[in-house]
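Colleague: Using the sequences and the hints, build the whole thing.
Chains as they are written, first to last, in the working numbering: chain Z, 1 to 530; chain Y, 1001 to 1336.
Note that these hints are calculated values from the structure, not bench results.
It cannot be assumed that every hint is accurate.
Covered by chain Z, per the in silico footprint, the following chain Y stretches (three or more residues, Cβ under 8 Å) [said to hold, decoys possible]: (1) 1088-1095; (2) 1109-1118; (3) 1296-1307.
Being a predicted model, the structure only gives us computed values, none of them experimental.
Beta carbons: idealized from backbone N, C-alpha and C, even for Gly.
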Amino acid sequence: MKNLVIRLGIGAVALTLAAAATAASAETLRWARSGDSLTLDPHAQNEGPTHTLAHQIYEPLLHRDMAGQITPGLATGWKALADNPNVWRFTLRKGVKFHDGADFTADDAVYSFNRAMMPTSAMKELLTSVKEVRKVDDHTIDMETNGPNPLLINNLTNLFMMDAGWTEANGASAPQDVAAGETTFAAQNTNGTGAFMLESRVPDQKTVLKANPNYWGKGTFPLAVSEIIYTPIQSAATRVAALLSGEVDFIQDVPVQDLGRVGSQSGLKVVTAAQNRVIFFGMNSGKADLETDNVSGKNPFADVRVRRAMNIAINRDAIKKVVMRDQSSPTNVIMPPFVNGWTSELDAIPAHDVAAAKALMAEAGYGDGFSVTLNCPNDRYINDEAICQAAVGMLGQIGIKVNLDAKPKAQHFPMITNKTTEFYMLGWGVPTFDSHYIFNFLVHATTENRGSWNNTGYDNADVNAKVVALESETDLDRRNAIIGEIWAQVQEDQLYLPIHNQVLNWGMKDGINFDVQPEDQPHFKYLTMN
Amino acid sequence: MTSPPVRPSEKPAGAPESAPTSVSASISASISASRLQRALASDFVYDFTRAPIAIIAGLVVLFLFLVAILAPLVAPTNPFDPASLNLMNGFTPPMQANMFTGESFVMGTDDQGRDLLSAIIYGLRVSLFVGVMSVLLAMGLGVSLGLIAGYVGGWLDNLIMRIADIQLTFPSILIAMLIFGVLRGIIPPDLRDEMAIFVLITAIGLSEWVPFARTVRATTLVEKEKEYVQAARLIGLGRHQIMWRHILPNVLGPVLVIATITLALAIIAEATLSFLGVGAPATEPSLGTLIRIGQDFLFSGEWWILTFPAITLLALALSVNLLGDWLKDTLNPRLK
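Modeller: Pasting the structure below:
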């Protein structure tokens, strides 16, 4: 009798332990990366980590799955109308509810697209070709473009749907103006249709998401995670220590120096893939005079010879070998290989040649060099600050004394969009997988709805016209030819100093099955656990 | 049985002077020589030569100060000159050849290919400069305020000492961070890098003045009742003259002790601020900045980037502290 009681007791304890173990590990996912989402307003920032968090809570009509393929989201089908190629018709998913219980209808979709085209929206460049979005019936909308736009759907993967009623009722009809330092209700609260609902959030500290019990995708997606705890950890060593000690389950950016350490620890694994993101430096060549330089009356960046000298002074191989520990692919064009328009000729890096660079500097009249300030983020890209430091040394060798000013991305990015920085680091992912996205944000001159990230001061009327022409060019051969012409001009004018394309390294517990998404956008509804 | 060593001041009267004096006892023997001799024969030096820990600590501090002052002469390279760096030398282990360039470095290199030995020597310079300057600032401020509070008294004494009390309730590193943040906000962005060191000095200096003020005030309260002060008052000397010419020299003993201990604290405070990323800029690294950089590479096995700067900081702070401790014991009459 006594034995039986003991056995029962042991059994009960074992059962409780097992239950506790599954409850703790199979449902809660503790996720860390170096930086936080900049805002919860889905149209206020066009930035990777911001979209990543938004993708858990909000949904676009269509999105890229974990393999990077376009997949139906809130639209079940789309096609260009046979009788009018300027119109795309979207069939919306039925029976979808927002987190507060409201139905998702065509009115919400039209409202969301119109919101995303407002002046304060960071997403407006993606919709520059759109003339009007119309409701056809409760679950159908038409999107009319200024000319036939065969690639329109590629632009919609990060355009999230909001509830018209909720947004209006809370006074958030216009996207938050981040550059002006504005805060709105929608920047701190959410009401999406996504698989996860916002439970609590302290920016830069902790965000907790809970599974949406009424999610339309039940049965379609694994939905193995019931709770997500998202913690930004800027320090590389602390982030890795958190993964090694089991404090977090998944980190999105394993520091390159710690890949071996994480991979060799039992119970942990590193999953690797090339990322759709290029890292480069931009410099303002359009200003008459720079504020941060020591040359008065003229702008050294305005001389293309200076820009070319800088380009060949940068030793991309050294950055790859030492700073990135081979976890990057050096490039000479601000376009990742995934993108339509990419060629290996554009990608091939120039020879690192300090003597030739010095000669170019002397030819341009800057034989004695000059000084300038470089603005750099320190929590956004892989080893961003270390790359900037390396560039400081390399540019120093041709006489350019660079003062490095490294800041968190929340302060860095507004300097680019406000055009207050004169020399800066930027990384660019291409969610549309097409060159036009790069041109429209980074090459076209800054106008009302284009060129918002073009801080180079570059304004070439011929290039501008070609960028606009791309939007309605239906002949794909002709279109690709124009893309080639624009790239030739961009390279000729040495608009930017490309460095490399990033390689993604996600670190996670062995029990997690998760492919690396080429845009670095984990969608946790796809995650499964053993 | 050997007789106990005889302190110089306890020498029996009439004992013969030591040999060197009689040798050089010529008319030309300068006053300074005899002064030096008197100094060498003092209790202070006598105690020092009998304290092996103080000797070792003193030698370490002396060595580190010399190295820091002579940095451009003794450092193999100048790590502040980005143009001299070769990134390919990055992460070279100590005493081993780099796998790309074949160069080797005594203490290895950091992530940017900087020679770590040179970086430490120059970093030491920044750390010591910030430490010494902020102690001088704290001392100047603390001694003046303490003297005024103690001698003048009344509401001024209350005001100064209550501010000191309030400041004491916060850890000094927090005060330093607060002052650092405010100063950085005031300074225009393009001057921040150049001003970073001075901002650090001000922040640390302003956060460490309280112990000076309290000690000086307490000593002043005692001193101002003594006969020589009353005599000075009787002959009609002004307040300022009495405070600065008569009382000040008599309160400086404890100040010297506090200054030494505060120097160790200031060096650590600077390292802490730089470690947190708000101190010396990465392009002009102090020991704390070097430790911050090295911390990222601990897991991956590049231990030297953190270890050597940390050992240097430890040796410096420990030696200064031991020296301060010894000074405290020596100058405190109650411990004799």
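Colleague: Closer than 8 Å, Cβ to Cβ, for at least three residues: run that test on the segment 1296-1307 of chain Y against chain Z and report holds or violated.
Modeller: holds (count 7)
Colleague: Apply the coverage criterion to the segment 1109-1118 of chain Y and chain Z: a residue qualifies when its Cβ sits closer than 8 Å to a Cβ of the chain, and three qualifying residues are needed.
Modeller: With 3 residues in contact (Cβ-Cβ under 8 Å with chain Z), the coverage given for the segment 1109-1118 of chain Y holds.
Colleague: Taking 8 Å as the Cβ threshold, is the statement that the segment 1088-1095 of chain Y is covered by chain Z upheld or broken by the three-residue rule?
Modeller: holds (count 3)
Comparing the model with each numbered hint stated earlier shows that all of them hold.
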